[in-house]
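Asker: Sequence:
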Amino acid sequence: MNTSPKYNPQEIEKKWQEKWVADRLYEVKENDPHPKFYALTMFPYTSGDLHIGHWYAMAPSDVQARFKRMQGYNVLHPIGFDAFGLPAENAAISRGIHPYTWTMNNIENMRRQLKTIGAIYDWSREVITCVPEYYKWTQWFFLKLYEAGLAYRAEAPVNWCGKCQTVLANEQVTSEGLCERCNTPVVRKYLEQWFFRITRYAEELLDHSKIDWPERIKIMQKNWIGKSYGADLSFGLEYKGIAEKELRVFTTRPDTIYGVTFFVMAPEHPLVPKLTAPERKAAVEKYIHQTLRQTEIERTSVEKEKTGVFLGSYVINKVNEEKVPIWIADYVLPSYGTGAVMAVPAHDQRDFEFAKKYGLPISVVIAPPDWDGKELDAAWVENGTMVNSAQFNGMPSDKAFDAICDYMESKNWGKRAVTYRLRDWLISRQRYWGAPIPVIYCQKCGIVPVPEKDLPVLLPQDAEFRPTGESPLKYCESFVNTKCPKCSAPAQRETDTMDTFMCSSWYFLRYTSPDADNYPFDKARMKFWMPVDLYTGGAEHANMHLLYARFFNKAIRDIGVVNFDEPFTRLFNQGIIIYKGEKMSKSKGNVVTPDVYIGELGADAVRAYLMFVGPWEMGGEWNDNGIVGMSRWLNRVWNLVTANYTARTTTPDAEKELLRITHQTIKRVTQDMERFRFNTMLAALMEFTNYLGKVQDEGTVSASAWQQAISTLLLLLAPSAPHLAEELWVTTGHPYSIHNQKWPTWNEELAKEEEVTLVIQVNGKLRDKVTVPVSITEDEAKKLALSQERIKPYLNNKQPAKIIYVPGRLINIVVG
RNA sequence: GCCGAGGUGGCGGAAUGGUAGACGCGGCGGACUUAAAAUCCGCUUUCCGCGAGGAAGUGUGGGUUCGAGUCCCUCCCUCGGCACCA
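Final position of the first sequence in numbering that gives the first Met the number 0 is 815; the numbers increase by one with none missing.
Some clues are possibly wrong.
[To be verified] Heads up, simulated SDA-like pairs for lysine to any residue below, C-alpha to C-alpha not over 20 Å straight-line:
1) LYS579 to GLY618
2) LYS452 to THR770
3) LYS655 to THR770
4) LYS452 to GLU146
[Stated by the list, open to error] The calculated label-pair distances, taken between Cβ atoms and stated as ranges, are:
5) VAL590 to TYR189: 34 to 42 Å
6) ASN589 to ASP397: 49 to 57 Å
7) LYS28 to TYR189: 40 to 48 Å
8) ASN589 to LEU765: 38 to 46 Å
No lab work stands behind these hints: they were computed from the structure.
Backbone N, C-alpha and C define an ideal beta-carbon position, used for all residues, glycine too.
Assemble the whole structure, with the sequences as input and the hints as a guide.
Answerer: Right, dumping it as structure tokens:
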């Protein structure tokens with residue numbers, strides 16, 4: 000009779016969490032003799048509540064970190080909060096709470112929630128990005144980048160809401176191009192902004208050869224950086240009142256140069272006013288005005304019909320001295336290439352549509368195969384044979400690419416060139432709740448960086464939060480007005496703050512020594528832990544945080560702050576948890592709160608269930624019933640371990656089998672852990688539990704063999720269900736703590752099967768199965784297969800044409 | 001449009017080119033119970049068959065192979081990313 004207490008997750012989870020903290024079980028030291036392992040999980044934004052989606056990121060990463068810890072690594076698995084950002088400010092405006100208070104209250108709640116997960120977080124290393132001790136160093140890094148020439152100020156187009164009288168971040172503009180807050184159409188405006196020169200690192204950022212990252216993330220970054228090979232070509236310019244004698248374009252198709260029939264500039268191109276003929280002035284200005292009123296989203300919509308106007312001026316195509324009309328059109332972007340294109344309507348679909356609309360000539364210079372010389376229905380963008388291209392006629396177009404580049408270079412009309420799609424990183428935010436950009440503007444001295452000794456530039460406590468959307472810093476005189484650090488004349492502070500991605504570009508360095516106060520980190524401790532061995536988080540950051548952090552690392556490497564090329568050696572992206580068919584989000588109202596399930600079934604059940612829904616990288620669906628099954632299994636483990644075991648009819652064979660299955664399970668669980676297949680890892684443990692249940696019923700092994708199997712089960716379960724495993728470990732008489740035990744290893748010999756089931760197929764169809772010793776020879780196996788009563792009818796008394804034998808698997812008899 | 005990941009029972013999902021559907025949920029039947037819950041045991045891809053057994057079956061259509069969910073080609077659908085990038 001089992002008289003042990005029932006499994007009570009709430010009680011044991013609270014008990015062990017308190018004890019682990021009291022014993023400082025998970026505090027991490029640098030002087031530990033074990034090899035270091037830095038297991039980083041993306042820190043959460045301080046939105047207020049953790050939902051199951053957060054747990055899906057946190058729980059399996061903790062399992063992995065615990066697994067590494069048991070394997071003998073000194074594991075740093077820290078946690079902190081990404082605490083600056085817009086929502087805090089919006090809360091301040093709508094509810095009258097100061098962003099600091101709002102954020103800190105949220106952190107308190109999230110910290111409480113995070114502690115219920117039962118993770119090995121070392122809370123003594125907690126990092127919060129919005130406290131002065133942290134953002135002082137974010138500002139310090141800005142100064143270092145500025146000194147290195149990697150931060151600069153320039154005019155840039157931004158999203159402007161006329162009603163709110165402010166700039167909006169891209170994230171604040173709805174997909175319809177409206178202001179998120181007031182639904183006013185957002186327009187473009189040109190403002191002075193701070194940028195980081197990420198483009199200087201475009202080439203190095205394309206190189207992922209030093210890191211072990213998922214292929215899809217590497218591809219996403221490659222596409223985002225967008226390297227194009229082509230040529231910079233020069234077109235002649237003869238226009239009164241203009242000094243320039245040429246206009247340059249970037250093209251990926253220099254082979255189509257003879258097919259240029261018009262020339263298109265971005266409406267914002269600085270030379271447009273000068274190249275506009277007097278009689279075209281009104282039309283051109285009207286068009287420019289229309290373009291500027293469009294949002295980025297409207298302008299770049301693919302469905303939109305092409306529009307443009309003729310400037311009344313011409314360029315000369317140097318290869319054939321043809322006069323080519325210059326147009327402006329909003330499909331040409333000012334920020335890519337040279338802001339101007341040579342239009343080849345026969346071989347570019349956009350130019351084709353434009354030419355059709357405005358009746359411009361379409362000249363084929365690359366003949367498609369079997370071309371009949373007639374008009375094209377669409378641009379031919381593939382390779383072909385050169386035609387109408389002077390001395391290049393008859394050449395395959397891919398060869399002509401090089402030939403024409405050589406020709407242009409020899410004439411000094413252009414040269415081969417590479418262009419990137421990547422733009423510099425705009426870090427200015429017209430917001431209060433961010434790290435102030437540490438810069439002062441002086442009438443006399445211009446832009447003056449705040450001296451290092453004056454850091455941090457503190458956010459003023461007395462800023463006002465008005466519902467107008469204006470930056471509270473701009474109207475906070477005590478903040479704005481200061482003295483020039485150089486000449487002491489009255490001067491003004493920069494009122495923009497930094498993009499929060501700046502804060503998250505170095506937080507993992509801070510974890511290594513969060514108490515450092517004369518440098519962003521303690522150099523020795525940072526060197527000890529970095530780079531991160533395993534980084535886990537969502538794939539949605541592929542082209543933001545993950546790219547910024549790589550850039551930032553390379554920038555500070557070149558400044559001499561760190562000495563490694565990449566911050567994250569290995570990356571793993573978990574998928575997304577969906578609920579009721581959609582991604583969980585507050586706005587959709589389909590958020591599942593973990594607290595309820597922890598209260599009812601315990602954190603161990605929630606952790607294990609999240610791992611069980613599917614492969615971690617694929618994401619999965621939260622199912623309210625599914626977790627009940629996980630809870631049932633943990634209960635079965637509890638009952639199995641706490642029940643008295645009585646050996647009845649023990650046999651050597653039964654013990655051998657138990658040992659075999661134990662070692663097979665160790666192998667499966669270990670290998671699944673290593674490849675992040677937590678779902679099948681738990682399935683293996685469930686099978687093991689089911690098997691142990693049978694052994695217990697039958698009492699076929701000795702008590703000591705039983706105890707051995709049970710303790711292995713608990714060790715394998717420890718990372719996934721740390722509280723349950725600890726409780727059962729201690730109650731079965733083992734020394735505290737299970738989390739300081741060695742991960743079990745398997746013995747291949749003991750795991751080996753003695754008998755296998757051979758499948759017998761006839762013409763590939765399963766017809767019978769036989770159980771044979773693994774030592775069976777090929778001849779014996781074939782003979783056995785042919786002699787099976789169930790097989791004989793399929794043979795028709797004929798000799799089989801062929802017999803395929805796969806040892807340990809099957810025999811396939813091929814009959815004619 | 002381009003790039004990437006997917007498409008397997010009623011559901012979530014397992015399957016180094018070799019027994020498709022592990023494990024779990026749900027469902028059905030049974031045990032225990034006055035009864036219910038909980039727990040335990042059995043069954044559960046579909047169709048035909050009393051049964052033994054047979055047939056079909058991994059989005060579609062082809063191909064390679066003794067053998068294909070898995071490899072190759074065509075197309076369709078879902079999800080994620082990018083998108084007038086010259």
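Asker: For every hint, state whether the structure bears it out.
Answerer: Hint check results:
Note on LYS579 and GLY618: the hinted pairing holds, with a Cα-Cα distance of about 14 Å set against a maximum of 20 Å. Between the alpha carbons of LYS452 and THR770 the distance comes to roughly 79 Å, so the proposed pair goes past 20 Å and is violated. Between LYS655 and THR770, the direct Cα distance comes to roughly 18 Å. Compliance with the 20 Å bound is thereby established for this hinted pair. Note on LYS452 and GLU146: the hinted pairing holds, with a Cα-Cα distance of about 15 Å set against a maximum of 20 Å.
Range check, VAL590 to TYR189: about 40 Å between beta-carbon atoms, so the 34 to 42 Å window is met. Checked against the given bound of 49 to 57 Å, the beta carbons of ASN589 and ASP397, roughly 51 Å apart, stay inside it. Between LYS28 and TYR189 the Cβ separation comes to about 53 Å, which falls outside the hinted range of 40 to 48 Å. Roughly 45 Å separates the CB atoms of ASN589 and LEU765, a value that falls within the hinted 38 to 46 Å.
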